[in-house]
Amino acid sequence: GSRDSPTATLPDLIRVYSADLKADEMYIGEIEEFWKTFVYPDAKSLEITYERFESFLTAWAAFRATDINHDHTLDISELLTLITVTSGDQPSARRLRLEKDLMDSNHDGLIQRMEYIRYVSSSREEDSYFDYVLKKKFDYHDVDHSGTINLGELKTLLHDSFETTFGELMHKNQAKATNIINSLAVDLLEKLNQDDEDEDLTWPEFKRIMEEGSEMIEKAKNFYKESS
30 GSRDSPTATL
40 PDLIRVYSAD
50 LKADEMYIGE
60 IEEFWKTFVY
70 PDAKSLEITY
80 ERFESFLTAW
90 AAFRATDINH
100 DHTLDISELL
110 TLITVTSGDQ
120 PSARRLRLEK
130 DLMDSNHDGL
140 IQRMEYIRYV
150 SSSREEDSYF
160 DYVLKKKFDY
170 HDVDHSGTIN
180 LGELKTLLHD
190 SFETTFGELM
200 HKNQAKATNI
210 INSLAVDLLE
220 KLNQDDEDED
230 LTWPEFKRIM
240 EEGSEMIEKA
250 KNFYKESS
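In this text, residue positions in the sequence shown follow my numbering: the first is 30, and each later residue adds one.
If you are wondering where the hints come from, they were derived from the structure by calculation, not from laboratory data. If you're wondering where the values come from, they're calculated on a predicted model, not measured in any experiment.
With a straight-line cut-off of 27 Å between C-alpha atoms, the simulated BS3-like cross-links for lysine-lysine are:
(1) K165 x K248
(2) K166 x K205
(3) K254 x K184
(4) K184 x K201
(5) K220 x K166
(6) K248 x K220
(7) K184 x K205
(8) K220 x K254
(9) K201 x K166
(10) K129 x K166
(11) K184 x K166
(12) K184 x K250
(13) K184 x K164
(14) K205 x K248
(15) K220 x K184
(16) K165 x K250
(17) K248 x K201
(18) K201 x K254
(19) K220 x K164
(20) K165 x K129
(21) K248 x K164
With the hints as constraints, model all of the structure from the sequences given.
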């Protein structure tokens, strides 16, 4: 139950972090909501690693820092600041509207903290329901800062992933890698039932592709490795 231990229970988290965050009942309620949403579905344990919870707090703290009037929600101007700070670029008016509409699951015109946390998180690993690495990759490869990824940007992202995995081998057999990556990108779009390859992917669509298509990506990498 201490910060040095590998895991914590829900009472541990409330005790340790409530003082740090000056948590009122709403903050504690959000910790409990996080626990029910992202820990219990795991069904492997009723404990969570501090590393995993700290990842949750990263998004929580970013939200809190831009909630200027401390009403536990973000209006459009506060959301503009949050996206600018977290992505490193000021979003266009189109991207700001797009992301706001995607986050605002209850359609009240404001962004609740858990709406934001659910939006930016993904669950690529079996033991983690909170992964912010994928969102950072999405933002990095969104070259035109539109808030969407097109087919070309998806291919570039997959190419970078292959290069990270295979290093120098990519340079020795670049043509084969390119062919596999191009086919993989189209297959991933088909998995999403994305009939129009020219249609850009929003973050939730891209997240779904990468989560549901993780096995396809690994098979493509294994095929490249074995045939190179």
